[in-house]
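Engineer: Kindly produce the complete structure, drawing on both the sequences and the hints.
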Amino acid sequence: MAKVYKQVPFAAIVPSPQTENEGMITGNWRFLRPVVDKEQCTECKTCYIYCPDACVNFAKADGVSFNLKYCKGCGICSNVCPVGAISRVPELDFDE
Amino acid sequence: MTLAVAVDAKMQEVTVWTRGVTLAKEARDTATLLAKAGSLEGKYNQSFDNYVDLPDRINVPVKSYARISPEPIETYYEYENYRPDVVVLAEETLVKGNPVLKGCKDGTVVIINTKRDINKLVKYLSPQENLSKVKVVAAIDADALGAGVFHTFDGTEGCIDDTKIGAGVGAAMAAAAAKASGIVKLESLLKIAENKTAVQQGWDTVVILPLCNGEAGCPVNPSRLELEWK
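Residue numbers (numbering that gives the first Met the number 0), protein chains in the order written: chain X, 0 to 95; chain H, 0 to 229.
These are computed hints drawn from the structure, not numbers from a lab. Idealized CB from N, CA, C, for every residue including glycine.
Below, computed lysine-lysine pairings styled on DSS-like, alpha-carbon distance capped at 30 angstroms: (1) H:K114 / X:K68; (2) X:K68 / H:K119; (3) X:K44 / X:K59; (4) H:K95 / X:K59; (5) X:K68 / X:K37; (6) X:K68 / H:K95; (7) H:K132 / X:K68; (8) H:K114 / H:K104; (9) X:K59 / X:K37; (10) H:K101 / H:K119; (11) H:K9 / H:K101; (12) H:K195 / H:K163; (13) H:K101 / H:K114; (14) H:K132 / H:K95; (15) X:K37 / H:K119; (16) H:K9 / H:K132; (17) H:K104 / H:K119; (18) H:K114 / H:K184; (19) H:K95 / X:K37; (20) H:K163 / H:K190; (21) H:K9 / H:K190; (22) H:K184 / H:K9; (23) X:K68 / H:K101; (24) H:K95 / H:K122; (25) X:K68 / H:K122; (26) H:K122 / H:K132; (27) H:K184 / H:K104.
Footprint (simulated), chain X over chain H, 3 or more residues, beta carbon under 8 angstroms: (28) 58 to 67; (29) 89 to 98.
Structural biologist: This is the structure:
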């Protein structure tokens, strides 16, 4: 099997798992940005489960963060948050 | 890569950036209004949408186009405006993360549907090297002037929609674009648009800010802009 795999042309192989695709950045779809109130957040990870674009990240030590290159601003995370810790703020209120 | 099949020297190109589904009709109205107004003035025109940008997805940045020329337009086979003279942003957040100034000519006019301080929006316009080609930036609060089809998640918008051309925010944006660029006259727009009040108010309330002292192509001095626009 491994031998057959090596015969596949390089261009036909998609590296997997792939978390980011530079050819499909969807951050410019967003006009409302999710903002977390770290004091209210219980890190229940409900937003992580529901985010359709896998933009919620708990890997960092400072708790929940969002990958804004791909966050479309759909608002699902703020809707499912059980403690109301995620609010949606207009994108142009942020400089970066 | 731009393939210039035909070069229409006197043709003016309008690119309207908008959000897929939610504001697509308003941008189409803006482009159609400008093109039809041009035809009333005896000019040749084209008006069409961009279907490369996945326009059936909600809030995806998409474009609508218009072309107006005093001579017959020979550009049939280019389905995008690669060299816009007028860039209209139907929603203010589009300034972030979208190359709205890509390919623009010297003396380009930018119209933004916003009620924010436009000083703070200009720094987001990209590509930044084309900012020196922008003649004026105009701000219009079209959302307040036209009761538009804004943020309805109705996927059928534009298909079975029976609102007339220029019934919503598109009318005010077209009037603002016409006043800032001089591409068509107010009287022509008033004859076509459904919401004539929005056209008139858009014409009256648009804030036109010269970028670079009214001269096209000169280098931008941000410190001077701060003084001029306050």
